[in-house]
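K.L.:
Okay, here's what each chain looks like letter by letter:
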Amino acid sequence: MSVHASDQTLSTPLHGLMAEFETPGQLVAAARKTRLAGFTKFDAYTPYPIHELDEAMDLHDNRVSQCTLVGGLLGCIGGFSLASWVSSVAWPLNIGGRPLISIPMFIPVTFECTILIGGLTAAFSMLIMNGLPAPYHSVFNVDRFVNASRNKFFLCIESEDQKFDRSATEAFLLSLNPEEIAEVAQ
Amino acid sequence: MLQPVELPDEIHVGTVIDESHSLASVSDKVGGIVLRRKITLGWVFGLLISFAVLQNLMAGATWLLIKGVGVWGINIPVGWGFAIINFVWWIGIGHAGTLISAILLLLNQSWRNAINRFAEAMTLFAVMCAGMFPVLHTGRPWLAYWLLPLPNTMAMWPQFRSPLLWDVFAVTTYLTISAVFWYVGLLPDLATLRDSAKTKTSQVIYGALSMGWRNSARHWQRYEKASLLLAGLATPLVVSVHTVVSFDFAVSIIPGWHTTIFPPYFVAGAIYSGFAMVLTLMIPVRKFYGLDDIITMRHLNNMAKVTLATALIVGYGYCFEAFFGYFSADTYERFMIWNRMVGPYAPFYWMLILCNIITPQFLWSKKVRTSPGILWCISIVVNIGMWLERFVIVVTSLHRDFLPSSWGMYWPTIWDWAIYTGTLGLFMTLLFLFVRVLPMITIFELRMLLPGARVKEPVAQ
Chain U
1 MSVHASDQTL
11 STPLHGLMAE
21 FETPGQLVAA
31 ARKTRLAGFT
41 KFDAYTPYPI
51 HELDEAMDLH
61 DNRVSQCTLV
71 GGLLGCIGGF
81 SLASWVSSVA
91 WPLNIGGRPL
101 ISIPMFIPVT
111 FECTILIGGL
121 TAAFSMLIMN
131 GLPAPYHSVF
141 NVDRFVNASR
151 NKFFLCIESE
161 DQKFDRSATE
171 AFLLSLNPEE
181 IAEVAQ
Chain B
1 MLQPVELPDE
11 IHVGTVIDES
21 HSLASVSDKV
31 GGIVLRRKIT
41 LGWVFGLLIS
51 FAVLQNLMAG
61 ATWLLIKGVG
71 VWGINIPVGW
81 GFAIINFVWW
91 IGIGHAGTLI
101 SAILLLLNQS
111 WRNAINRFAE
121 AMTLFAVMCA
131 GMFPVLHTGR
141 PWLAYWLLPL
151 PNTMAMWPQF
161 RSPLLWDVFA
171 VTTYLTISAV
181 FWYVGLLPDL
191 ATLRDSAKTK
201 TSQVIYGALS
211 MGWRNSARHW
221 QRYEKASLLL
231 AGLATPLVVS
241 VHTVVSFDFA
251 VSIIPGWHTT
261 IFPPYFVAGA
271 IYSGFAMVLT
281 LMIPVRKFYG
291 LDDIITMRHL
301 NNMAKVTLAT
311 ALIVGYGYCF
321 EAFFGYFSAD
331 TYERFMIWNR
341 MVGPYAPFYW
351 MLILCNIITP
361 QFLWSKKVRT
371 SPGILWCISI
381 VVNIGMWLER
391 FVIVVTSLHR
401 DFLPSSWGMY
411 WPTIWDWAIY
421 TGTLGLFMTL
431 LFLFVRVLPM
441 ITIFELRMLL
451 PGARVKEPVA
461 Q
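Chains as they are written, first to last, in my numbering: chain U, 1 to 186; chain B, 1 to 461.
Worth flagging that the hints you see were computed from the coordinates, not collected in a lab.
Keep in mind that the hints are not guaranteed to be accurate.
Claimed, not checked - Distance condition first, Cα-Cα at most 27 angstroms in a straight line; then the derived DSSO-like pairs of lysine-lysine:
1. B:Lys-200 / B:Lys-29
2. B:Lys-367 / B:Lys-38
3. B:Lys-366 / B:Lys-456
4. U:Lys-33 / B:Lys-198
5. U:Lys-33 / B:Lys-225
6. B:Lys-29 / B:Lys-198
7. B:Lys-225 / U:Lys-41
8. B:Lys-456 / U:Lys-41
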């Protein structure tokens with residue numbers, strides 16, 4: 001294990017301190033301890049989704065589902081309204097006295113609009129809430145961070161956190177037994 | 001093309017991924033195909049052939065736009081020729097991709113992880129090919145926007161009670177949602193490519209495409225939720241698309257089309273042809289890119305089983321079409337099914353029975369299901385069979401309907417063939433480009449299958 005964080009100068013403002021772990025189990029344990037230690041502004045970086053982190057980091061953001069429900073309902077109402085308005089107001093066709101608003105015949109379009117708007121809302125609300133596209137982010141300043149998309153697991157405590165203190169936080173991260181600790185330049 | 005492999009004494013179809021892989025090795029293997037693998041002569045040759053065949057589409061479409069739809073074989077009584085046959089065929093092929101990516105995700109089938117990306121790409125390309133046919137069939141593709149409910153100076157609006165308009169909504173929704181689902185799935189893998197790219201150009205390209213994805217746990221949580229929601233929405237969507245396609249037929253009063261069995265029968269046929277196409281494409285890709293440790297025998301075996309199951313549903317559909325024709329006691333229905341079996345197009349009908357009902361019965365044998373060469377041949381036969389099915393449904397119902405005085409024959413012209421083969425060229429060209437510029441297997445989902453990916457927390461001291 002090598003620690004080189006303290007070797008670096010403090011000339012640049014810090015985004016945070018980042019610890020690297022070898023296995024997902026170590027990371028989940030570390031993330032849980034970090035949350036229990038009272039940190040709120042920290043994040044874990046993993047090459048694939050780890051469901052255990054949701055519990056360890058207390059992640060329960062449900063807004064994507066809520067947005068999708070609203071989007072789907074809007075699509076549903078919008079699709080049906082479009083078909084009804086076109087068929088009864090904009091271009092009414094009297095075909096043998098049949099009703100202008102012929103509900104069963106409007107179901108397919110209503111259904112497709114529900115799926116279309118619901119699906120687009122799911123994708124775009126996820127991107128917006130994740131702040132993507134993000135052309136720049138400080139975590140990429142750490143050289144070894146490229147492995148976050150390969151085979152390593154990272155935990156970064158951000159300097160914005162109220163509890164953040166350069167040396168105390170580093171000592172805390174060291175107590176989690178990481179492979180490596182690095183300063184994240186802003 | 002492919003030789004059947006030598007079967008080992010004991011056929012092993014257990015694992016979904018070779019257990020010797022690690023987190024790093026799957027990333028390097030799949031990403032390496034894009035980033036590090038040299039361009040081989042075989043790939044260049046394949047791309048050139050496909051691109052040459054694609055030129056048929058250019059020639060066919062150009063001549064069509066110059067002369068009009070009269071260059072095709074369509075006429076009264078058969079106004080729906082190759083355009084509709086190929087449209088339905090291509091859309092059906094696309095359905096396997098959505099089935100694999102959405103329905104199998106909801107069913108928690110981990111074997112889908114190795115094949116979903118490729119199958120979804122196949123869906124996208126197949127829907128692109130499909131969409132071209134109705135647009136060209138309008139005869140004036142530059143006016144195709146009339147299909148959309150847009151305010152216009154003629155103060156005219158589309159007919160919302162028409163299955164043809166439902167088709168517009170269903171197919172555009174399907175293309176949009178498939179593309180979005182596919183791209184969302186690509187984000188983490190594009191980030192992997194960005195991080196392991198060595199040249200500046202590829203770093204910039206994959207960096208921009210990955211939208212700055214940084215594998216954050218907070219992002220993953222929302223990401224997984226969005227994926228699940230998209231899968232949940234795509235599942236009824238894929239069923240609805242072919243249902244709506246079948247309504248194009250079933251809502252009409254033409255003998256042989258006006259049946260309630262059409263929606264489920266079309267959906268099963270779509271999945272059947274789609275899985276056959278996945279096998280047709282995956283078996284060579286697996287061989288040429290040495291991916292048999294990731295796309296294992298278990299995958300081939302499972303895909304073959306789905307093909308067999310849907311073949312049986314389709315076979316049931318054929319039996320009931322014939323039974324309905326007899327049982328309806330309707331002169332025209334009875335004549336239609338009789339004409340289908342012994343009329344001028346009878347060879348097509350019996351070929352279709354041979355391809356779609358008899359051939360897949362070989363898949364009952366595990367030996368066949370685990371021999372890539374034989375499986376590949378069967379998948380080609382099924383692809384041809386499903387094309388014949390659409391030919392038989394479209395042509396035999398129309399060419400002899402109610403009045404013998406209005407009977408006629410339909411034969412495709414060289415321009416029909418040019419556009420059809422041209423879309424095959426387009427499909428193959430896009431696939432050849434896809435395997436070289438994007439990871440053809442979902443890397444991050446492969447990682448989740450590895451034993452090393454499971455969370456084993458260290459015991460607290």
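K.L.:
Hint by hint, say whether it matches the structure.
P.N.:
Taking the hints in turn, this is what the structure says about them:
| no. | hint | result |
| --- | --- | --- |
| 1 | B:Lys-200 / B:Lys-29 | holds (21 angstroms) |
| 2 | B:Lys-367 / B:Lys-38 | violated (35 angstroms) |
| 3 | B:Lys-366 / B:Lys-456 | violated (37 angstroms) |
| 4 | U:Lys-33 / B:Lys-198 | violated (36 angstroms) |
| 5 | U:Lys-33 / B:Lys-225 | holds (25 angstroms) |
| 6 | B:Lys-29 / B:Lys-198 | holds (15 angstroms) |
| 7 | B:Lys-225 / U:Lys-41 | holds (22 angstroms) |
| 8 | B:Lys-456 / U:Lys-41 | holds (25 angstroms) |
Violated hints, in rising order: 2, 3 and 4; the structure is consistent with all others.
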